[in-house]
Amino acid sequence: MKRASKIYTALMMIFLFAPIAILLVFSFNEAKSLSVFSGFSLKWYRELFRDTETLKAVRNTLILAVAAALISTVMGTAAAVGMNKLRNKYLRTALDSLTNIPMINPDIITGISLMLMFVFVGRLFGAATSLNFGTMLISHITFCLPYVILQVLPKLQQMDKALPEAAMDLGCTPLRAFFKAELPEIMPGVITGMIMAFTLSLDDFVISYFTSGNGFQTLPIRIYNMTKKTVTPKMYALATIIFFVILTLLLISNLYDEEMVQKRREKKLNKKQAKEAKT
Amino acid sequence: MKRSIALALAAMLLCTVFLTGCGGGGSSKTLTLNVYNWGEYISDGSEDSFDTVREFEKWYEETYKQKVKVNYTTYASNEDMYAKLASGAVSFDVVIPSDYMISRMLKENMLLELDFNNIPNYKNIGETFRNLYYDPDNKYSVPYTYGVVGVIYDANVVDAADTGGWDLLWNEKYKGNILQFNNSRDAFGTAQYKLGIDVNSTDHAEWDQALAELKKQAPLVKSYVMDEIYNMMESGEAAIGCYYAGDYFTMIDAQAENVDLKFYYPESTNYFVDAMCIPSCCQNKELAERFINYMLSPEPAIANASFIYYASPNSAVYTDEGYIEEMGEETMEILYSQVDKFGELYNKYAYRNLEQETLDYVNSLWETLKIN
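In order, the protein sequences belong to chains D and P. What the first sequence shows, in my numbering, is residues 1 to 279, in sequence order. What the second sequence shows, in my numbering, is residues 280 to 651, in sequence order.
Just so you know, the hints here were simulated from the structure itself, not pulled from any lab data. Be aware that one or more of the hints could be misleading.
[To be verified] Sample of chain D residues at the chain P side, in silico, Cβ under 7 angstroms: (1) 50; (2) 53; (3) 128; (4) 129; (5) 131; (6) 213; (7) 225; (8) 226.
The beta carbon of each residue, even a glycine, is placed where N, CA and C say it ideally should be.
The task is simple: from the sequences and hints, build the whole structure.
So this is what it looks like as structure tokens:
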């Protein structure tokens with residue numbers, strides 16, 4: 001039984017990581033091939049850093065993801081706070097399901113309908129081009145919003161309702177009460193929501209594809225468009241770099257979390273000891 | 280509390296509007312040229328090559344004393360490009376569709392007539408690359424690249440005596456070593472060329488004949504492929520396949536040690552031409568024409584031809600000594616052996632847009648082949 005579970009775990013690991021391992025190995029290939037490894041070389045990394053269009057696409061993707069994540073986090077948190085305040089149960093459930101629709105909706109439908117809307121509005125104002133960075137940003141915020149709300153709302157519901165009230169009793173303005181008392185309490189949800197929004201925006205292809213216009217292309221679109229000729233190993237190099245950056249970020253954040261937990265524990269312990277010393 | 284949320288929301292909205300404005304605007308002093316091209320289809324400065332777009336910007340400023348910014352965007356297929364343009368949501372000044380797409384766009388009034396006074400370098404385009412069927416009077420397009428389908432084989436497996444025609448793809452000796460196209464038009468094409476039938480036929484009986492030929496071939500075929508052909512041929516997994524000449528060179532670059540890929544043209548085969556056009560949504564036609572003219576001048580044209588590895592219809596390229604030397608004798612032979620009679624062969628053998636009715640019929644035949 002034990003052996004079976006070990007084999008099962010090994011299989012899972014292989015399925016999860018074999019593609020990444022292959023990519024990693026072939027990014028160091030001397031030749032252009034994906035099937036023949038002819039020698040170790042950093043050639044494709046050099047090529048990658050010379051490819052201005054691809055680097056521009058990476059920059060575009062990051063700008064878009066950061067902007068979409070920040071804006072959708074602020075908007076989503078505000079929306080969640082508002083929804084949490086609603087007294088009417090039916091209205092609240094209705095709003096809740098309403099925000100879920102974009103999440104359940106297939107990407108391709110969201111993409112096409114957003115594009116049609118932008119074209120329609122653009123025509124109304126007589127613009128020659130209605131798709132640009134702005135439209136892409138709006139689309140990304142649109143599909144990120146529900147995920148942020150989904151992360152923040154439960155935290156608000158878990159929070160002690162008396163907390164902001166107490167803050168206001170002690171003389172805080174409502175806004176100050178929100179920032180001083182409520183926000184720190186729901187922060188983990190806000191952060192998770194932001195990270196989710198960032199990653200979703202980073203690897204979205206379908207919606208970006210429909211809403212991208214002249215000149216502004218993200219990385220997934222650029223790679224897709226390389227298929228007339230073959231995708232060059234430059235892209236393996238890029239994917240490897242992205243993989244390692246994400247890995248380090250994950251490690252750092254995990255270590256940081258661990259440290260935070262430990263510090264908190266120590267703090268509690270110290271307080272306890274102080275209390276005990278007093279008595 | 281409510282008011283603060285409302286304020287925050289309003290601020291967000293303003294922010295979005297502001298950002299939108301940033302994305303769309305450009306200063307009035309700098310001209311903008313929107314170019315829409317296939318991915319990896321221009322010399323872009325990688326591997327020490329010529330950076331066409333940047334060089335054009337430099338050249339334009341020197342020649343016309345005006346700054347220009349090229350917004351370069353790519354697409355993956357003719358259909359993608361068509362869909363974007365037809366949606367009316369974008370505006371491009373130069374596009375580079377393939378032949379059949381040009382004839383479709385012409386039918387739908389999506390292209391503008393070119394003013395050849397602004398494109399004096401058109402003289403570089405070889406005589407045999409004019410008057411092609413999709414633009415018979417050379418009014419709307421300037422050819423950029425062309426390609427010819429040929430047969431690629433592994434000389435370590437295939438006997439040289441068996442090569443030369445489409446027969447090789449039907450040769451029982453190489454059972455399980457043959458790759459066939461995985462799209463109806465190209466697959467039927469190989470059978471039609473083999474049988475000497477017109478590939479643009481509207482006669483159902485002729486298509487049936489081609490299907491029978493493909494069914495005969497089916498047991499010999501290893502698999503039906505498109506871009507997978509690269510890896511399968513490079514690694515020696517399969518020994519016979521057909522693709523464009525330019526792609527053959529990509530495969531050679533990456534072939535395994537025990538593989539020795541060779542290439543030949545059967546007597547009749549398919550051709551494609553990709554040509555530069557100006558779509559009707561163009562915002563600055565003169566600038567677009569100047570760009571096309573620049574692309575035809577020797578330096579960028581040669582750089583692009585050696586980067587893409589497809590044949591160029593530009594005589595400033597294929598008669599240039601430096602280019603000939605760089606390509607080598609064998610490559611030149613493969614890429615340009617048909618220059619003298621290109622127009623004639625092209626108009627006779629190349630695929631054209633089929634009527635919807637024929638297309639549906641062909642697709643239904645293709646289904647029956649794939650099911651078996």
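Holds or violated: residue 213 of chain D as interface residue toward chain P, Cβ cutoff 7 angstroms?
-> 5 angstroms, holds
Does the nearest C-beta of chain P fall within a distance shorter than 7 angstroms of the C-beta of residue 128 of chain D?
-> 5 angstroms, holds
Satisfaction of the residue 50 of chain D interface hint, Cβ to chain P closer than 7 angstroms = 5 angstroms, holds
Hint check, residue 225 of chain D versus chain P [nearest Cβ-Cβ separation less than 7 angstroms] | 3 angstroms, holds
Hint check: is the beta carbon of residue 53 of chain D less than 7 angstroms from a beta carbon of chain P?
-> Constraint on residue 53 of chain D satisfied, holds at 6 angstroms.
Residue 129 of chain D as an interface hint toward chain P, with CB separation required under 7 angstroms = 4 angstroms, holds
Verify the interface restraint on residue 131 of chain D: the C-beta must sit less than 7 angstroms from at least one C-beta of chain P.
-> Check passed: Cβ of residue 131 of chain D comes within 5 angstroms of chain P, closer than 7 angstroms.
Mind checking the CB of residue 226 of chain D against every CB in chain P and telling me if the closest is under 7 angstroms?
-> 4 angstroms, holds
When each numbered hint is compared with the structure, no violation occurs for any of them.
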